[in-house]
Each structure stands twice: as structure tokens, then as C-alpha cells.
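Protein sequence lines correspond, in order, to chains A and B. Okay, so the first sequence: first residue is 1 according to UniProt numbering, each after it adds one. Okay, so the second sequence: first residue is 1 according to UniProt numbering, each after it adds one.
Heads up, a few of these hints could be off.
Note that identical chains are pooled: a pair holds if it fits in a single copy or bridges any two copies.
[As the list claims (entries may be wrong)] Pairs of lysine-lysine residues, derived as DSS-like cross-links and limited to a Cα-Cα distance of at most 25 Å, are as follows:
(1) Lys64 with Lys22
(2) Lys72 with Lys101
(3) Lys22 with Lys67
(4) Lys150 with Lys64
(5) Lys101 with Lys157
(6) Lys157 with Lys67
Bear in mind the hints are in silico, worked out from the structure with no lab data behind them.
Spelled out from the first residue to the last, the chains are:
2 protein chains.
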Amino acid sequence: MSSLGVGVSPGNVPVYHGSRLKVIDRRVRLAELILRCLICGLAVISAALIGTDSQVREIFTIRKRAKFTDMKALVFLVIANGLAAGYSLIQVLRCAVSMVKGSVLFNKPLAWAIFSGDQVMAYLTLSAVAAAVQSGIFSQFGQPELQWMKTCNLYAKFCNQIGEGVASSLLACLSMVVLSAISAYGLFRLYGDGKEKSSLEW
Amino acid sequence: MSSLGVGVSPGNVPVYHGSRLKVIDRRVRLAELILRCLICGLAVISAALIGTDSQVREIFTIRKRAKFTDMKALVFLVIANGLAAGYSLIQVLRCAVSMVKGSVLFNKPLAWAIFSGDQVMAYLTLSAVAAAVQSGIFSQFGQPELQWMKTCNLYAKFCNQIGEGVASSLLACLSMVVLSAISAYGLFRLYGDGKEKSSLEW
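My request is simple: use the sequences and hints to build the entire structure.
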């Protein structure tokens, strides 16, 4: 899809000139690859920590089992992490292929697809983390005004593991935010007011 | 801060040429202005709806008053809306001034400041909305596994008004997301591989 573009200028493909762009592009691509690997790893760790978490307590002969499906926000977070991990894996492969090929992304539809995907994933993971943190605050401190009891004093081990999972998700989410800025750079620099005015079209 | 740049090229200011850029820039700026006004209005409406909401109920001779400060997520949302409204107002003034002047944003530090501000506001409002929606879901449906009772059956009028406030915030948040993409365009097109290689520096 992408082209090296040395001397090639079909339609909206700007002329690729200067080694400076090449150096910057290589650095940006390396940062992108590292971040995408990091997100993939963190999302998998988070989903595993939350998805496998459970604790059994006996309270007055009643056996109670806490699991992540008791709270919809955690289910949402596991799903968001799963999507983030899958999406990142696909993007890692794309990055690796383009690095091996040594090609520079000048393809606008592809750049738009990557930008949109990264934006959606950043907003999705952030909202999942925010909802999970809110649920975690209720579980940790309760909400006395509404007679919602805190539950983390009963299920301390369970809550700790959930906390680790949410922290891992938060790191993945922050990396996603940085990545979405990188892909915005990758896309909108194609609209720079260069030699070719055709590259300014929306 | 910004310059028209016709024939002016000090350092990192690309040469401003072609009426196409001017037309696109005018459209983008108009969209930006409309969105910023919209966000300002929606954020004020949301903060007012949530901040002034209260309902008194008498349950077995006990007088109970529901107010937004009972739930930290709503306090966070009101604060986020206040920040969004204030920030948008400042940006509306900046947009209006630059439109009256007819200047095009070629100033990188200013573009970075706008981009960063918009990003922070988009992520802040989204996380506030997500936390408020999560709290709203608990209030509306309860969480039987944790013995958290639903409270919206007791305070229906209060919950409805909160719902309207959250919906208004959500619209403001979506506008903020679109705006942050516009400001990303405004910034990163300055890094396009045009005539001037100096504009490619990070």
C-alpha cells in the first residue's frame, strides 16, 4: 500500500526527498513499534489479571465467590483490553513489514485508517479504564450516602489483583494516547503545504 | 502570534501560497469556531443541570435530600464541564480574533499549545463522562451481587435531570474529540514534507 516514493508522484503521493525525513520517519516508526508492542503486552497482562481473578469467602456458612463478571465495568475493561491487544498485534505486524521494506507511509487512505483506529482505541480504552476506576472507588470506599457498602475489605486479594489489572490498562491507555498523536502526525503531515498543492485536498 | 506569511519565511514558517490552502483553512476555522461555541454552550448547560439538581424525599419521617455532591463522579463531571467551558471560551476568542485578522496558523508553539489543550480537554471530559455514566448505571440498575441498591426509583426527577446533564456532556465530549482531530491537522500539517526541510524538525 505504501510507497518509497523516490521520484514517484502518482496523484496524492508527495515527492520523497531528503534524508532528514527518512531519519525522522525511522525514529517515529521505531517509537510506534515499541509503543504498539508495549500496548499489546500490557493489554494481555491486564485482561489476564482481571479475567482470572476470583476469591471465595465464607460468611456465616454462606459461600460467596467474587469474580470479575460481577461488575459490568470489569467485563467492559477485559473486552476493551482484548480489542486493544488484537488491534495492536495487527499494527505491530504492519509496522514490522513496513520497517523491513523500508517504506514511508504516504498513502492517505491507509493513514486515515490507522489514525481512526488509534483514536477509537485510545478513547475506548480510556472510557473503559475510567468506568473501572469509578467502580473500584465505590468498591474500595463505598458510597455511604447511597448505602452502598465497600466490598474490598471482604475481598482484599481479589481487589488487589483487579487494581493491578486496572493499573496495567491505564499504562496501555496512556501509550495509546501517545500513539494516537503519532498517527495524527503520520496522517496530517501529508496535508502539509508542500510543493504539491494536490496534497492539500480533503 | 500567527502570521499571514505571504512571502514571509522566518525559520519554521512555511511559505503561504495558493488560494486552495486559504479556502480549506477558512472552512476548518469556521468548523472550529462553531464546535468551540457548541462545546462552551453544552458544557455550561450540563454543569448547570447537574449543579442545580436536587430532590427531597421523606422516607418513614426521615427527610432525605439528593444532591450532586453525594456522588464524586458528578462533582468531577461538573468541574470538567467548567474547565471545558472556560477553555472553549478562551479558544473562541482566539478563533474570532484570527478570523477577523484573516491570519493562518503557522506558529508551531501556538499550534502545539492548542493541540495539547484540546487533547487534554477531550480525554478529561471523556473520562468524566465515562465515570458519571458508570455511576448512573449503578444508580439506575443497582449491583445486586454487591448489595448496592438502585436509588433512581426513589429519586426519579433527580436522576432524569442528571441524565440530561450527562447527555449534554457527552455531546460536548464528542465535539471535543472532533476538535482535537482538527487541531491535530492544524499542527501536523506544519510538518508536511514541503519545500522547506526545516519544517520537518521535531
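Structure versus earlier hints, numbers of those that do not hold, lowest first: Structure breaks hints 1, 2, 3, 5.
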